[in-house]
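Chemist: Sequence:
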Amino acid sequence: MDDEALRSVSRGLLGNKHKLEVLAAIAEAFAEGAQDVYPRMISKMVGDAADKQVNEIFTQLRNGGLLVRVEDKTDQQKHRYRARETSAWEAARTLVEELRAAAWSPDELAT
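Converting from the sequence shown to the working numbering requires adding 81 to each position, the first position being numbered 1.
What the hints contain is simulated information worked out from the structure, not anything from laboratory work. Since this is a predicted model, take the numbers as computed values, not measurements. All residues carry an ideal CB built from backbone N, CA and C; glycine is no exception. Hints are not guaranteed to be accurate.
[Unchecked claim] Restraint-style ranges between C-beta atoms, simulated for each label pair:
no.	residue 1	residue 2	range
1	A115	N144	30 to 36 Å
2	D83	D153	37 to 43 Å
3	T140	R181	24 to 30 Å
Turn these sequences into a full structure, and let the hints steer you where they fit.
Modeler: So this is what it looks like as structure tokens:
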């Protein structure tokens, strides 16, 4: 599945075309040893998502309790966050991997 199809699935499931990729990118960053993440870091990983779009998703994740703002950092400009322990991160990563490997696209199912 290409990026456009993946984003179509994300929009259908989560109401935002970048949310699934952002969730998976956050999971990837933590899996690779990051202690905390910030929107600009993740927007670079996702590529097509603007900082503002990623920041909105971070706000939703913070409001939902999945991300916790880091208050002990001196650099307040980056608005760093830590993830709560939950299997949701790995689930997002796995779902993106499976969708990228899928031979179908959402458009095929609409006909």
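Chemist: Taking the hints in turn, state whether each one holds.
Modeler: Cross-check of the supplied hints:
One distance hint, 30 to 36 Å for the beta-carbon pair A115 and N144, is violated here, with the actual separation near 21 Å. Evaluation of the 37 to 43 Å hint for D83 and D153 yields a pass: the beta carbon distance comes to about 41 Å. Restraint check, T140 to R181: a C-beta distance of roughly 27 Å satisfies the suggested window 24 to 30 Å.
Hint compliance for this structure: hint 1 alone is broken.
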